[in-house]
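Undergrad: Residue numbers (this note's numbering), protein chains in the order written: chain C, 1 to 281; chain F, 1001 to 1310; chain R, 2001 to 2093.
Hint data in this document are derived by calculation from the structure and do not stem from the laboratory. Some hints could be false.
Unchecked claim - Listed below are several chain R residues computed to face chain F (Cβ distance under 10 Å; list not exhaustive):
hint: 1; residue: Lys2011
hint: 2; residue: Ala2026
hint: 3; residue: Pro2044
hint: 4; residue: Val2045
Given the structure is predicted, the values throughout are model-derived calculations rather than measurements. Just so you know, even glycine gets a beta-carbon here, dropped at the ideal spot from N, CA and C.
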Amino acid sequence: MKNPYVPFPMRIEDIIVETEDENVKTFDVSFVGKEDEEQFVYTPGQFAEISVFGKGEAPFGMASTPTHPGRLEFSVSKIGLVTGALHQMESGDVVGVRGPMGNGYPLETFKGKNLILIGGGFGFSTLRSLTNFILHDSNRGAYGNLTVIYGARKPGLLLYKKDLGAWQQRGDLQLHLTVDKGENGWQGHVGFVPDVTRSVGPNPKDAYAVVCGPPAMIHFSLPVLKELGFQDEKIFLSLEMRMKCGIGKCGRCNVGSKYICSDGPVFSQAELTQLTGEAHF
Amino acid sequence: MFSSARIVRKDRLEGFLERLLEDREVFAPVRKGGLVTLEMIDSVRDVILEYENTKESPKAAVFPQRETLFGYQAEKGKVALDVPRGKEKEQVLFGIRPCDARGLLLLDRVFGGDCGDPYYAEKRAKTLVLSLGCVNPNPTCFCHSMGGGPCSPEGSDLFFLDLGDRYMVEVGSDKCEALLEDEAFEDADEKSLALSEKIRKETEASMTPLALNENLKEHLGRLFDDPAWNALAETCLGCGICTYLCPTCHCFDLCDEAAGGTGERIRVWDSCQFPLFTQQASGFNPRPTVKERFHGASSNVLSTWISVKS
Amino acid sequence: MDTTLPQWIGKSTDTSDTMIFHLVRAYHLAGRCVACGACERACPVGVDIRKLNRKLLKDVRDFFGYEAGLSLDEACPLATFRPDDPEAFIMNP
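Whole structure, please, built from the sequences with the hints as guidance.
TA: Right, here's the structure in full:
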């Protein structure tokens, strides 16, 4: 029986400081063991538990895409014990990884459909993974139109600036960036993500919307999508709860009859309205 | 009713237990500090079988309160991990009640499955459940309202029922083939079979069923915001003892106990009744007060378990 | 934002952790507990909490000549420092 509690080692190759306040860093890690690399088969939307030996473990969404093999990327916001320790680490250091975990985005359901990805702040991690996955040559043809709406509080807090620049050059997706508060040098849109969504006005026909971000953003985005005609079955969300085991055993992330770590973290809005009051935004 | 029933005369029981002790660990009810608890025995004389139930459930035998998952030694650029070895001997849970035996079946569902827990599986495989039916159930007992029963053999490898001067023994699994060869076991006769059936029926009839609503899940869902929860939650201390004692509660925490880069990843019991259980790094807590936590546990126990029947 | 930092006691069943828990409790109650018994009445598993507390009460009375709950003005001995505070128990455990 495979032991799902023991992590395998991964080496930090590169650390990218994403935000101007240096509170978010992306860790680019490589596999130490060949077997581990072969067994780690993941899809966008899944996550992994990262161990800092001596400190503890925490779950992070996959920011990398499986179309880029050999490496994994996690974006980490410095907020507590484990994330604080991670932020002190350097290239060459070793962390532990358990995963992949969770259900990931429903790629089969999305095939042939138009996709509207709506992300805010730090929640954009897994949407970046999904976007890069779809844009990859081997996948692009399988999906319809791709609209990405991404906002942060300020320009300096936007993640993955290199990716954003590359996406803006492409003709096979529509990228809408926005910030809550503009600054000198920012020539892009200023406004909240839900308002941008309303003005972009995506067509719900043959389309799915994926929303991932802070609760406030989700709370205000859902009515906009409803207004535009998106049914509950066509809206997907990636939820977060405090997690520990990541494999549906420790009970911590339980909401009603679901474990966010193993039944989720991706759920359709239709599934969420069936769960009891705790899951309502 | 299992077909291969046996009987064990009461004066033969001690001998049987003594032979079990020769090469197995045996846990049985003993009197300790004014309570009856399930303890590992080294003398058969400590065992008591006239009791209502042990204070704690037997879940610690397969799901210990503290368990080392692996040790590690981390230096710059590398880490060495080592997973502890499992149990050597078989362990016998003797004289536990049918409700506790059934609790283990529910834990099997949690720790089994596609992503099975090897630490649990290894201990569970080496565990023999020899339960003892209740002939004088506590007036507050309600196993029969939860799909169980005072004389239910469910979850037991061997199920003992007190017939007066002897025990009726029903065989629940083939894990006990070796045990049944012990000289204490004789074939069951018709009279014993009939008597055990009579005792079972009478005991079950003596228990008053709880007035549980049939559509509990639906009703509890509807009553999520009902103000009645306020009054109910006021009686709750939030101490978490309920989850400690409950045979099916299994929430746990994973944490590191380390000095520098050397340490262990351990698993310890945790409780959904503790405020930090669902506290998120951002400071937000979806269950911030006793009321939410009390409600969470109640609906979990009464409705969610039922809906996850597989 | 992590309210568990710094971690004062471990989460497991180690004797050292249980000891620290009880020491923290003892220091909270010494000189404050009046032995009303409410804690014991509330305890769902019948722990004889007052037995531990009575020992604290005895020590505080013997070392500091103080009993909680009798005076509104007198400061609690563990919250105050006097140069003549007894030290024998520190030097000779």
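Undergrad: Would you mind marking each hint as holding or not holding in the structure?
TA: Here is what the structure says about each hint:
1. At about 5 Å, the closest approach between the beta carbon of Lys2011(R) and any beta carbon in chain F falls short of 10 Å, and the interface hint on this residue holds.
2. Of the supplied interface hints, the one on Ala2026(R) is violated, with its beta-carbon coming no nearer than about 19 Å to a beta-carbon of chain F, more than 10 Å.
3. The closest approach between the C-beta of Pro2044(R) and any C-beta of chain F is roughly 5 Å, which is under the 10 Å cut-off, so the hint is satisfied.
4. Because the smallest distance between the Cβ of Val2045(R) and any Cβ of chain F comes to about 6 Å, under 10 Å, the interface hint for this residue holds.
In this structure, only the earlier hint numbered 2 is contradicted, and the remaining ones agree with it.
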